[in-house]
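Student: Chains as they are written, first to last, in the working numbering: chain A, 1 to 193; chain B, 1 to 193.
Hints listed in this document are in silico derivations from the structure and should not be mistaken for laboratory results.
Hints should not be assumed to be uniformly reliable.
Pairs involving identical chains hold if they fit within one copy or between any two copies, as the list cannot separate such chains.
The calculated lysine to any residue pairs, modelled on SDA-like cross-linking and capped at a C-alpha distance of 20 Å, are [stated by the list, open to error]:
# : residue 1 : residue 2
1 : K133      : D170
2 : K4        : V168
3 : K133      : A172
4 : K4        : P126
5 : K162      : E186
6 : K162      : D117
7 : K114      : M65
8 : K4        : E90
9 : K162      : S190
Protein chains: 2
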Amino acid sequence: MNGKKGLLLVLSGPSGTGKSTVIAGLMGLRDDIRFSVSATTRAPRPGEQDGRDYYFISREEFLDMIGRDAFLEHAEYVGNFYGTPAAPVEENMRAGFHVLLDIEVQGAAQVMAKRPDAVSVFLAPPSLEELEKRLRGRGTDDDERIARRLEAARRELAQADKYTYTVVNDDANEAARQLDAILTAELCRSDRR
Amino acid sequence: MNGKKGLLLVLSGPSGTGKSTVIAGLMGLRDDIRFSVSATTRAPRPGEQDGRDYYFISREEFLDMIGRDAFLEHAEYVGNFYGTPAAPVEENMRAGFHVLLDIEVQGAAQVMAKRPDAVSVFLAPPSLEELEKRLRGRGTDDDERIARRLEAARRELAQADKYTYTVVNDDANEAARQLDAILTAELCRSDRR
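Isolated chain A, as found in the complex:
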């Protein structure tokens, strides 16, 4: 912490790109980052904790927050609402922490429109072939699901140029190092001083 306001870091990447490993690597490199916790109207699953995994709120509360423009982004997904409450993000940033939003491309577009000062990074697989190999290697998806994930990845990759940075996850440690460098460089920008 240096008494300055933290950065808002928006990170997107197709399923299977290895985002969680890269994020874990980044957290190992610097201790001034906080995760953003999403709000949702879906019921908690066993083991999920309010305020850690999600803020579990009612549909009425969610709609009220939409009305008060209290989300950086929100979406409805199979009948439930999901969103990023702006207030905790702001609080952490004011306290000097960088806040990481791990978010899909539509949500990221909403955040970037609302917060042009956000640092946006697209995490890309080295290639679609490599992504397919990784998805098959996980052994959790059948052929049809893998085909759907690859189709989604293709659509998401076409959005990479909407992000200021693109980090190719060839090696998770190297990708984490690049994310770290991006934060360091952004803090040196003359227009942020």
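Assemble chain B onto chain A, guided by the hints.
Tutor: Same frame as chain A, but now just chain B:
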């Protein structure tokens, strides 16, 4: 080297900011950087080597190169011309090296106008008080010269916001690390891919 074109790195900073130490630190962190060698019409001093310290060329050659727009920047200083020939910079960048221009603010402004893709960094002292302390510590300048250097530094510092990045040289190793991070981050920019 990764087969990609290198970056053009423009670095300015007032005399006494510790630029040479920071540059030496940066060269220790990465081996893919080359210095730009300036051309000049002044006579070589003892020990100076053509092509290493300067390209020593005639006034006619220099004027001819100006006419062919062969400089990234040039200036006249106490009767001699100084300039940055574009060709060796381009060659090194095409070979995948980042090229470092250590250059004062007027020259930097010319380069940035010609090469909007250049990465520009202003190296600043922590404060004018600290700069004065460092200049006095060197013991090479008398009071009048120090006063003139401080006045020049004040003018140059007012130009810092023309540079994309400002690195404060509080600690030379940390400043070198930030320059390294800036290069790494710039290579991740989606608009450079």
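Student: Each hint: holds or not?
Tutor: Verification of the hints:
no., hint, verdict
1, K133 <-> D170, "within (13 Å within a copy, 47 Å between copies)"
2, K4 <-> V168, "between (29 Å within a copy, 14 Å between copies)"
3, K133 <-> A172, "within (16 Å within a copy, 44 Å between copies)"
4, K4 <-> P126, "between (35 Å within a copy, 16 Å between copies)"
5, K162 <-> E186, "both (17 Å within a copy, 16 Å between copies)"
6, K162 <-> D117, "both (14 Å within a copy, 18 Å between copies)"
7, K114 <-> M65, "within (16 Å within a copy, 49 Å between copies)"
8, K4 <-> E90, "within (13 Å within a copy, 38 Å between copies)"
9, K162 <-> S190, "between (22 Å within a copy, 8 Å between copies)"
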